[in-house]
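There are 2 protein chains.
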Amino acid sequence: MFTAEQLKTFTQHIFQSIGFSEADAQLAAKTLISADLRGVDSHGIARLAGYVRLFDHGRLNPKPNIRIVHETPSTGVVDGDAGVGLVVGPKTMEIVIEKAKNVGSGWISVQNSNHFGIAGYHAMMALEHDMIGMAMTNAAPLVAPTFSLEKMLGTNPIAVAVPAHEEPAFVADFASTAAAYGKFEILQRKNLPAPLGWAQDANGEITTDANPIKNGGALLPLGSDREHGSHKGYGLGSIVDIFSGVLSGANYGPWVPPFATAGFMAAAEGVGRGTGHFFGAMRIDGFRPADEFKGHMDNWIRRFRSAQAVEGKQVLVPGDPEREIEAERLRDGLDLLDPVVQSLEELGKRFGITL
Amino acid sequence: MFTAEQLKTFTQHIFQSIGFSEADAQLAAKTLISADLRGVDSHGIARLAGYVRLFDHGRLNPKPNIRIVHETPSTGVVDGDAGVGLVVGPKTMEIVIEKAKNVGSGWISVQNSNHFGIAGYHAMMALEHDMIGMAMTNAAPLVAPTFSLEKMLGTNPIAVAVPAHEEPAFVADFASTAAAYGKFEILQRKNLPAPLGWAQDANGEITTDANPIKNGGALLPLGSDREHGSHKGYGLGSIVDIFSGVLSGANYGPWVPPFATAGFMAAAEGVGRGTGHFFGAMRIDGFRPADEFKGHMDNWIRRFRSAQAVEGKQVLVPGDPEREIEAERLRDGLDLLDPVVQSLEELGKRFGITL
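Quick note, the sequences are listed as chains A and B, same order.
First residue of the first sequence? That's 1 in full-length UniProt numbering, and the numbers climb one at a time after it.
First residue of the second sequence? That's 1 in full-length UniProt numbering, and the numbers climb one at a time after it.
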């Protein structure tokens, strides 16, 4: 068991070792470990070695000049300067929050970035300002659109965070696929098959293969197949891709570069710069008084949470499961898988840092 | 067979007969018939009698004072004054387009409206201004969240329209459910079962009942069940509900009033005013030069459309099917079902208008 603080400090020191400023390393560590805290283990410290590998391959700039390259009062494009998405994201959220303070809302599309951790972390930055926050990102192609044999989209997640008054915030944060990639990784480790509807094989047939990418297959969009609305999941993933990639001047669709994970390291011929993100913030009182709105959000949340449920189940409000895991892990600590601990020990050894 | 012009003229005259101004009646007719043209027959002229019934029940104001009740440079709330959504929608889109011209983007949440036809029509209004358009709406509860026995959300559609240069625009327009309600209506008429994954029965079990609402069941969110991501479809429908209803001061969740369709006429105890919508527009050149962007959209669209497909299929770009139907129906005319023709003849008889 590790404490969150322990993991944050270790992560910060690793990032400082590859040239990050102390402030950036601290911010990157906070963003990264928020994934572990919220139960999205696949996007947390398990990826630290991947970020270092990105640096080793010259694809991560430890001292980026993150800046606005074009803007209007409510919109703009940020150049991440090949900095880590874990830092580019929060810095861009600060800009959209500032724009929202000035003119009601802010919307920034980001080019030249890379993996930003969990989308929910960024969206939630808006909450303390009585704003709705939004974050999305494109990613390397793993997903086949409806009827496609080719992988054309990433798992392209969307997060929307909405403040309430007495109730905890509404935080939806989900991949636009039937199942997030982390779900496949869990099955791979346990040597279990995937449910039908999560993936297709190299011939476009549905499969229970829990490692479909390795075998020439692809993940399926939310909806799984045409009859169950996969064209909607594909549409949603496309919107994320266009907002994040085409609007910013980053790569998009099949051209999005891979994260530095084993097996995904091949170079991609680009149509833009790096990975793209899209962030937004809307001031609640740009619509109606914040107190009034938050009172109604309490009502919304309570009504949904108390909806009559099927036997033995409860209707959850988006954000409930992650918040419960976070409370538990802050109290009891975080358990890491052996291969993750091993990868951290290797990093520690390389940079002379103990976990 | 009818021509679109014929249906528009008839619709316009019906709306004028219940007190609409000529301009509003024309606009409402254009909006309504766009659904028939794009193949969304359930949202087109088949609903005309329903709008008249809304008027008969005192829930539709033929001479609304549609106005902004609160705003910032990029956001605001519009009061639809119980006007028809078919008119409230386009008038609000004009406001968000104007805001986008001024500060880069515009976002309006609408209260006190009702059914607005197809979301795609509104979103597409932004295209000629080199803007991305967005439209969504909440609706009367037909959908059970994951694990819920109760119907808590409408089919809550989202539309996003993105301009391209030589290629036709990208237009995603979809309900946040496994299947739109119109799909059930088609099956009901043909007396066919629904595919598993579209609906649940009164006990929360999946069912092939094509009329699940009538029998105490519910439609399922996109994703169908927990294992296939129904919590994501539920999250998406919730976001639409919050943006449309809670942000505007309209009704939300289970309180959204029913459209004037047989069987859905019961009064709802409200938490706000009428039905809610949410509209947005973002100026492309608020991010990067419009020509550059549209060139990349052409590239995006061509790459996706030419993706290697499963035998006998083609990868479609969102908006392709609707555009093809529209071209066909503009050329060959529109066929209406007998019950629809009958309902129009009854309306015509009542108001002395011939189809």
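Rather than coming from a laboratory, the hints here were simulated on the basis of the structure.
Accuracy of the hints is not assured; some may be wrong.
[Claimed, not checked] No more than 30 Å apart at the CA atoms, straight line, and that leaves these computed lysine-lysine pairs for DSS-like: (1) K91/B to K294/A; (2) K91/B to K101/A; (3) K101/A to K101/B; (4) K91/B to K313/A; (5) K101/A to K63/A; (6) K294/A to K101/A.
Given the hint that K91/B pairs with K294/A, test it: the Cα-Cα distance must not exceed 30 Å.
-> 28 Å, holds
Distance restraint between K101/A and K63/A, which requires alpha-carbon spacing of 30 Å or less = Holds - the C-alpha atoms of K63/A and K101/A are around 28 Å apart, at most 30 Å.
With a cut-off of 30 Å on the C-alpha distance, tell me whether K91/B and K313/A pass.
-> 44 Å, violated
30 Å limit on alpha-carbon distance, applied to hinted pair K294/A and K101/A = 18 Å, holds
Restraint check for K91/B with K101/A, where alpha carbons must lie at most 30 Å apart | Roughly 26 Å separates the two Cα atoms, so the pair holds.
Is it true that the CA of K101/A sits at most 30 Å from the CA of K101/B?
-> Within the cut-off at roughly 19 Å; holds.
Going through the hint list in order, the structure does not satisfy hint 4, though it satisfies all others.
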